[in-house]
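Protein chains: 2
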Amino acid sequence: MTTKGARTRTRMIDATLELIQTRGYHGTGLAHITAGAAAPRGSLYFHFPGGKDELVAAALDRVGAEFTGLLESLIAGGADAGTVVAAVFDDLAARLDSSGFATGCAIASVAVDAAAENPALQESCARVYESWRVVLEQLLARDGVPNPAGLAGAIVSLVEGATVVARARRDTQPLDEARAVVLELIGATR
Amino acid sequence: MTTKGARTRTRMIDATLELIQTRGYHGTGLAHITAGAAAPRGSLYFHFPGGKDELVAAALDRVGAEFTGLLESLIAGGADAGTVVAAVFDDLAARLDSSGFATGCAIASVAVDAAAENPALQESCARVYESWRVVLEQLLARDGVPNPAGLAGAIVSLVEGATVVARARRDTQPLDEARAVVLELIGATR
Numbered sequence: 001m002t003t004k005g006a007r008t009r010t011r012m013i014d015a016t017l018e019l020i021q022t023r024g025y026h027g028t029g030l031a032h033i034t035a036g037a038a039a040p041r042g043s044l045y046f047h048f049p050g051g052k053d054e055l056v057a058a059a060l061d062r063v064g065a066e067f068t069g070l071l072e073s074l075i076a077g078g079a080d081a082g083t084v085v086a087a088v089f090d091d092l093a094a095r096l097d098s099s100g101f102a103t104g105c106a107i108a109s110v111a112v113d114a115a116a117e118n119p120a121l122q123e124s125c126a127r128v129y130e131s132w133r134v135v136l137e138q139l140l141a142r143d144g145v146p147n148p149a150g151l152a153g154a155i156v157s158l159v160e161g162a163t164v165v166a167r168a169r170r171d172t173q174p175l176d177e178a179r180a181v182v183l184e185l186i187g188a189t190r
Numbered sequence: 001m002t003t004k005g006a007r008t009r010t011r012m013i014d015a016t017l018e019l020i021q022t023r024g025y026h027g028t029g030l031a032h033i034t035a036g037a038a039a040p041r042g043s044l045y046f047h048f049p050g051g052k053d054e055l056v057a058a059a060l061d062r063v064g065a066e067f068t069g070l071l072e073s074l075i076a077g078g079a080d081a082g083t084v085v086a087a088v089f090d091d092l093a094a095r096l097d098s099s100g101f102a103t104g105c106a107i108a109s110v111a112v113d114a115a116a117e118n119p120a121l122q123e124s125c126a127r128v129y130e131s132w133r134v135v136l137e138q139l140l141a142r143d144g145v146p147n148p149a150g151l152a153g154a155i156v157s158l159v160e161g162a163t164v165v166a167r168a169r170r171d172t173q174p175l176d177e178a179r180a181v182v183l184e185l186i187g188a189t190r
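Just so you know, the sequences run in chain order Y and W. Read left to right, the first sequence gives residues 1 to 190 (our numbering). Read left to right, the second sequence gives residues 1 to 190 (our numbering).
No lab work stands behind these hints, which were simulated from the structure alone. Please note: incorrect hints may appear among the correct ones.
Unchecked claim - Facing chain Y, from chain W, some residues (calculated, C-beta under 8 Å):
| # | residue |
| --- | --- |
| 1 | His26 |
| 2 | Ser43 |
| 3 | Tyr45 |
| 4 | Pro49 |
| 5 | Ala108 |
| 6 | Ala116 |
| 7 | Gln122 |
| 8 | Ala154 |
| 9 | Val156 |
| 10 | Leu158 |
| 11 | Gly161 |
| 12 | Pro174 |
| 13 | Glu177 |
| 14 | Val181 |
Cβ coordinates follow ideal geometry from the N, Cα and C atoms, glycine included.
Isolated chain Y (complex conformation) (with noise of 0.2 Å):
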């Protein structure tokens, strides 16, 4: 590909991305991408064939593997686990705070409206939970954290509903009451 082309591309992907974040999967027209994206809309099939459903699959890989990135390289820094979960709460209230809680978290963007009718995003969007559950998982083992795999799941279902309900209240309140509870958990004092 073209450096142009790859730009094109990547810019299709971040103009898909933040229309999902703020209007979800059904509020986000092709239209809109293109716009978006300053692209005409025969670039977008020759980019993407597969069209909307593969840029949305896309944008959902690169937000699963953004927050993989951030995890690990918090805990490559030598982070200890009660270190990694408050800088993960920190990282989402300063973005929503700075998006004026109009843009959330694409994944649970999908997940909450087209999952259900559509199986392969479904399955993008269960991926990426599970990603970034196991990365949590093996960070509280290192740390011996008691049950690891559950208190994992419970700090990414934390993650996904504190961010819904800050984004409705328009206040990262809900982060700091969810990392409260998480560095509670994880027997951590700080």
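Knowing the structure of chain Y, use the given hints to seat chain W on it.
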């Protein structure tokens, strides 16, 4: 209003609620609602002059009142905090399972895909979440659980997040994990 009119109105809210729970705000069209309610399009504006957004707000209010009612009836029956929380997660798991993971929480759906661009619906979502949090806070405080305000907020987030993740995974395990974590937090043993 005539009895027939009241029934039509109720059917329209029923249909709207089911659609939002499955496909979100943007995936719910007026044609879907009138088809789901077996009602003519004209009667929609007769009963809901504000159109789709008035119907959606009515659906959100109903979900809000139903869940608060479930909590209050459990509390009035003398249940302790652990029993109430366990019953909530069990109820959600049973609902998800019986719908084949197709329908989730309408409040989360609207918070995720419409709240950013629709202040009235954003406020509806915020009001419902706060009403749930307050009932839970009163229950936790009555039972002497420490930090009832923050913990109640975290429980609302866990309920919402675990439902989202369970839908993505088509598995009630996230609700079981959330249930166990909340029972641990409130010091219940079961």
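Here is how each hint holds up against the structure:
no.: 1; hint: His26; in the structure: 3 Å, holds
no.: 2; hint: Ser43; in the structure: 25 Å, violated
no.: 3; hint: Tyr45; in the structure: 23 Å, violated
no.: 4; hint: Pro49; in the structure: 24 Å, violated
no.: 5; hint: Ala108; in the structure: 5 Å, holds
no.: 6; hint: Ala116; in the structure: 4 Å, holds
no.: 7; hint: Gln122; in the structure: 6 Å, holds
no.: 8; hint: Ala154; in the structure: 4 Å, holds
no.: 9; hint: Val156; in the structure: 6 Å, holds
no.: 10; hint: Leu158; in the structure: 6 Å, holds
no.: 11; hint: Gly161; in the structure: 2 Å, holds
no.: 12; hint: Pro174; in the structure: 5 Å, holds
no.: 13; hint: Glu177; in the structure: 4 Å, holds
no.: 14; hint: Val181; in the structure: 4 Å, holds
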